[in-house]
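Chemist: Going line by line, the protein sequences match chains A and B. Numbering-wise (the working numbering), the first sequence opens with residue 14 and increments by one. Numbering-wise (the working numbering), the second sequence opens with residue 247 and increments by one.
No lab work stands behind these hints: they were computed from the structure. Watch out, some of these pointers could steer you wrong.
[Stated by the list, open to error] Straight-line alpha carbon distances no greater than 27 Å define the calculated DSS-like cross-link-like pairs of lysine-lysine that follow:
1) Lys-77/A with Lys-21/A
2) Lys-152/A with Lys-493/B
3) Lys-717/B with Lys-102/A
4) Lys-152/A with Lys-765/B
5) Lys-717/B with Lys-81/A
6) Lys-103/A with Lys-383/B
7) Lys-627/B with Lys-152/A
8) Lys-26/A with Lys-599/B
9) Lys-21/A with Lys-514/B
10) Lys-493/B with Lys-21/A
11) Lys-383/B with Lys-479/B
12) Lys-161/A with Lys-268/B
13) Lys-21/A with Lys-479/B
14) Lys-152/A with Lys-579/B
15) Lys-317/B with Lys-161/A
16) Lys-26/A with Lys-479/B
17) Lys-512/B with Lys-17/A
18) Lys-469/B with Lys-77/A
19) Lys-77/A with Lys-281/B
20) Lys-152/A with Lys-318/B
21) Lys-627/B with Lys-26/A
22) Lys-554/B with Lys-26/A
23) Lys-512/B with Lys-423/B
24) Lys-26/A with Lys-281/B
25) Lys-21/A with Lys-599/B
26) Lys-268/B with Lys-281/B
27) Lys-161/A with Lys-280/B
28) Lys-161/A with Lys-318/B
29) Lys-765/B with Lys-708/B
30) Lys-281/B with Lys-152/A
31) Lys-21/A with Lys-469/B
32) Lys-26/A with Lys-542/B
33) Lys-17/A with Lys-479/B
34) Lys-708/B with Lys-102/A
35) Lys-479/B with Lys-81/A
36) Lys-512/B with Lys-572/B
37) Lys-554/B with Lys-21/A
38) Lys-708/B with Lys-26/A
39) Lys-318/B with Lys-21/A
40) Lys-514/B with Lys-17/A
The residues making up each chain are set out below.
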Amino acid sequence: MYEKIFEKYSPEKENLIYILHDIQDSNPQNYVSEEAVQAVSEYLDIPVSHIYGVLTFYTMYSTKPRGKNVIRLCESPPCFLKGSENILKKLRQLLGVRIGETTEDGLFTLELCACLGVCGNAPAMMINDDVYGDLNEEKVEQIIANIKARS
Amino acid sequence: MKFYRSHVLFAIDNDSLQSGVKEIEAALKMELDKKHLSDEINVLETGGLGYFGTGVSMVVFPDQLTYVNLKKEHIPEIVSEHFLKGRPVTRLLLNPSLARKYDYKYQGRIVLDNSGKINPENIEDYIGVGGYEAWEKALLNMKPEEIVKEVESSGLRGRGGAGFPTGLKWKFTAPLKAEQKYLVVNADEGEPGTFKDRLIMEGDPHKLIEGIMIASYAVGASKAFIYIRGEYKLCIHRLELAIQQAKNLGLLGKNIFNTGFDLDIKIKIGAGAYVCGEETALIESMEGNRGTPRFKPPFPGVEGAWQKPTVVNNVETISNVPAIIKNGADWYKNFGVNGCYGTKVYTIMGDVKFPGLCEVNMGTPLRTIIEEFGGGMINGKKFKAALVGGAAGVFLSDELLDVKMDFNSLQEYAAVLGSGAILVMNDTVDMVDMLWSVLRFFRHESCGKCNPCSKGNTVLFKLIDGIRWGKGKESDLDEMIKVSRAMKETSLCALGQSPYMPISSAINNFRADFLKRLK
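When you get a sec, could you build the whole thing from the sequences and use the hints?
Modeler: Structural data, given as structure tokens:
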């Protein structure tokens, strides 16, 4: 089931980060499963331990199933100054989850992250590949409602 | 070639895409068509214009007027008033003081001179403004050692944070004999408050590609990589396009211009780790490993990626190279002061009226940057502090507002230019909270390879957390300085060496804030 992804990359260790990105993106639950790690280990001929080392090092990867929409709220100083803590409170209240948890309907996972490089629009967050800036509580409410309505 | 009466450029960046720029662009094209103006008014796309919170923006040339916060319903009015009758809709224009801020001549741009003026997705636009002339000059008329010498005498210093002389870096690697050398561009911009590289790449990707070509030729690298963070989707897209377009024109590839020089540029994508901005950690990550720093020496210039000599430079540094080669080192020295030449791109944010970026001469005072380019303080509040250089930077008080922003002047005050991030805080902001946020960041981003950093950052966060919640003692302040100083002296890389700067500057310059919180 990972052949399509493997075909794109030669079996060299330097491609590990790409392969893991692709596997995670193709998983509806936004994570890299144990079974996938096994397959990658065989394809690249590198130990499972190395792959887990890499997977758990970088913040964009997850080894646990996540929601369809991964919310990454920036907690770095510029967003912090512009009130990211209030945005976090609002998100937790709207979704009824704590940091790192997934909503029961499997729609959202709430995460914190370091600077996204959109500090001119602080506070900011990313939901999957989309960046949302200049957040306030009403805007967050609307963004979440829009995503819910779409799914 | 077709001639148009007017060119209209839409800024395409994350901000404007979110505000529906594509829809508005389509609406404008339709309206122009309806009024039979499609042959007179050319609609194009460009990169971000450098200001934020203005939704969809559009610049009209040759008038050089910028419309902001555009909505679909404004389009018919703009077309009939401005494009048909020649009367700009002034109420929708960018306010004049901000417009002055973006007067390119006033800013003296080198790196960003094309941003907001050309279509970054079209190589012909870049060539039309003199692009790739420096590459031609370098490859056909200069020897690699001449290029290194030119860059060295220009005084160009690394713009990623450390400020190491670029020519000197190249000089270490250029003479080495090796079957393979690499040039790596560090586009893993992660320093909190820094987004200059993103805007350089979004606005003028070909300038970076041209700089890479010249640098690779100078040091003898036939392979170059751009290591870019995974979140910068638009940059990745535009760079891929730029590389492909350069290949199609024979500016890249095998035996370029029949000189026998080969060059291949590849994009490497990161996966979210601040420490990968450190050059040896970045190399580890490129090789498919955990991005932890290596012991130095050997330095990457001698033994880097896959054990081969590797030069690692920042995006802004490399983007300065084409102008230096084209116009010469003496021309470059017209910009800047105090032994620090050229311009610097700053990102200004926090409690200012107009967060955004500016490119100004080295040595421009902090006050000028905040007041002229940031528009001054928002909501009439008083200035209290600026965190200059990102999380690894320094908290400056108003006493240092007139300090000249260049490597040497800042060093006199034990401060750093760093990545060029300027986070401005008003007098309601408590420095305990800000330092807490900075130290939480370091605790999270420490890679865990060396003890001083991984243990030290945990200790530091515990201390500041205690102070923040009213459980701290005055001796904790000295303890924080002591621990972070030990980390500065013993950590493997800049990450562990960094907390000392924000800690000592926050405690020394804003001690009253800390004393208030002690129990």
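Chemist: Now look at each hint and say whether the structure bears it out.
Modeler: Against the structure, the hints come out as follows:
Note on Lys-77/A and Lys-21/A: the hinted pairing holds, with a Cα-Cα distance of about 25 Å set against a maximum of 27 Å. For a cut-off of 27 Å, the pair hint linking Lys-152/A to Lys-493/B is broken: about 43 Å separates their Cα positions. Distance check on the hinted pair: Lys-717/B and Lys-102/A sit about 24 Å apart at the alpha-carbon level, within 27 Å; holds. In summary, the hint linking Lys-152/A to Lys-765/B is not supported, as the alpha carbons are separated by about 38 Å, beyond the 27 Å threshold.
The straight-line distance between the Cα atoms of Lys-717/B and Lys-81/A is roughly 41 Å, outside the 27 Å bound, and the hint therefore fails. With a CA separation close to 57 Å, the supplied pair Lys-103/A and Lys-383/B exceeds the 27 Å bound. Our distance criterion of 27 Å between C-alpha atoms is met by Lys-627/B and Lys-152/A, whose separation comes to about 25 Å. Taken as a hint, the Lys-26/A and Lys-599/B pair is broken in the structure, with Cα atoms around 47 Å apart against an allowance of 27 Å.
Pair hint Lys-21/A plus Lys-514/B holds up; C-alpha atoms about 15 Å apart against a cutoff of 27 Å. In summary, the hint linking Lys-493/B to Lys-21/A is supported, as the alpha carbons are separated by about 21 Å, within the 27 Å threshold. Restraint check: the Cα-Cα separation between Lys-383/B and Lys-479/B comes to about 32 Å, which exceeds 27 Å; the hinted pair is violated. Between Lys-161/A and Lys-268/B, the direct Cα distance comes to roughly 23 Å. Compliance with the 27 Å bound is thereby established for this hinted pair.
A distance of roughly 19 Å separates the Cα atoms of Lys-21/A and Lys-479/B; the hinted pair therefore holds under the 27 Å criterion. Restraint check for Lys-152/A and Lys-579/B: the C-alpha separation of about 47 Å exceeds 27 Å, so the hint is violated. For a cut-off of 27 Å, the pair hint linking Lys-317/B to Lys-161/A stands: about 25 Å separates their Cα positions. Simply put, Lys-26/A and Lys-479/B have alpha-carbon atoms about 23 Å apart, close enough for the 27 Å limit, and the pair holds.
For the given pair, Lys-512/B sits about 22 Å from Lys-17/A by alpha-carbon distance, which is consistent with the 27 Å threshold. Between Lys-469/B and Lys-77/A the alpha-carbon distance is near 37 Å, which puts this suggested pair outside the 27 Å criterion. The hinted pair formed by Lys-77/A and Lys-281/B fails the criterion: a straight-line CA distance of about 56 Å is larger than 27 Å. Taking the CA atoms of Lys-152/A and Lys-318/B, the gap is near 20 Å; set against the 27 Å cutoff, the hint holds.
At roughly 53 Å between alpha-carbon atoms, Lys-627/B and Lys-26/A are farther apart than 27 Å, so this suggested pair is violated. Straight-line distance between C-alpha atoms of Lys-554/B and Lys-26/A comes to about 17 Å, which keeps the hinted pair within the 27 Å bound. Of the pairs offered as hints, the one joining Lys-512/B and Lys-423/B holds, with about 23 Å between alpha carbons and a cut-off of 27 Å not exceeded. Only pairs whose Cα atoms come within 27 Å are accepted, and Lys-26/A paired with Lys-281/B is rejected, the gap being roughly 58 Å.
Straight-line distance between C-alpha atoms of Lys-21/A and Lys-599/B comes to about 47 Å, which puts the hinted pair past the 27 Å bound. Simply put, Lys-268/B and Lys-281/B have alpha-carbon atoms about 20 Å apart, close enough for the 27 Å limit, and the pair holds. For the suggested pair Lys-161/A and Lys-280/B, the alpha carbons sit about 38 Å apart, so the restraint of at most 27 Å is broken. Restraint check: the Cα-Cα separation between Lys-161/A and Lys-318/B comes to about 26 Å, which is no more than 27 Å; the hinted pair holds.
Only pairs whose Cα atoms come within 27 Å are accepted, and Lys-765/B paired with Lys-708/B is accepted, the gap being roughly 16 Å. Between Lys-281/B and Lys-152/A the alpha-carbon distance is near 37 Å, which puts this suggested pair outside the 27 Å criterion. As the CA atoms of Lys-21/A and Lys-469/B are separated by approximately 21 Å, the hinted pair is consistent with the 27 Å bound. Pair hint Lys-26/A plus Lys-542/B holds up; C-alpha atoms about 23 Å apart against a cutoff of 27 Å.
Of the pairs offered as hints, the one joining Lys-17/A and Lys-479/B holds, with about 22 Å between alpha carbons and a cut-off of 27 Å not exceeded. For the hint pairing Lys-708/B with Lys-102/A, the CA-to-CA distance comes to about 22 Å; that is within 27 Å, so the pair holds. A C-alpha spacing of about 19 Å is found between Lys-479/B and Lys-81/A, which places the hinted pair at or below 27 Å, so the restraint holds. Taking the CA atoms of Lys-512/B and Lys-572/B, the gap is near 25 Å; set against the 27 Å cutoff, the hint holds.
About 26 Å separates the Cα atoms of Lys-554/B and Lys-21/A, which keeps this hinted pair within 27 Å; it holds. Annotation: proposed proximity of Lys-708/B to Lys-26/A is violated, straight-line Cα distance about 38 Å (limit 27 Å). Distance hint between Lys-318/B and Lys-21/A is unfulfilled; the C-alpha atoms sit about 41 Å from each other, more than 27 Å. As the CA atoms of Lys-514/B and Lys-17/A are separated by approximately 20 Å, the hinted pair is consistent with the 27 Å bound.
Consistency note: the structure conflicts with the earlier hints numbered 2, 4, 5, 6, 8, 11, 14, 18, 19, 21, 24, 25, 27, 30, 38, 39.
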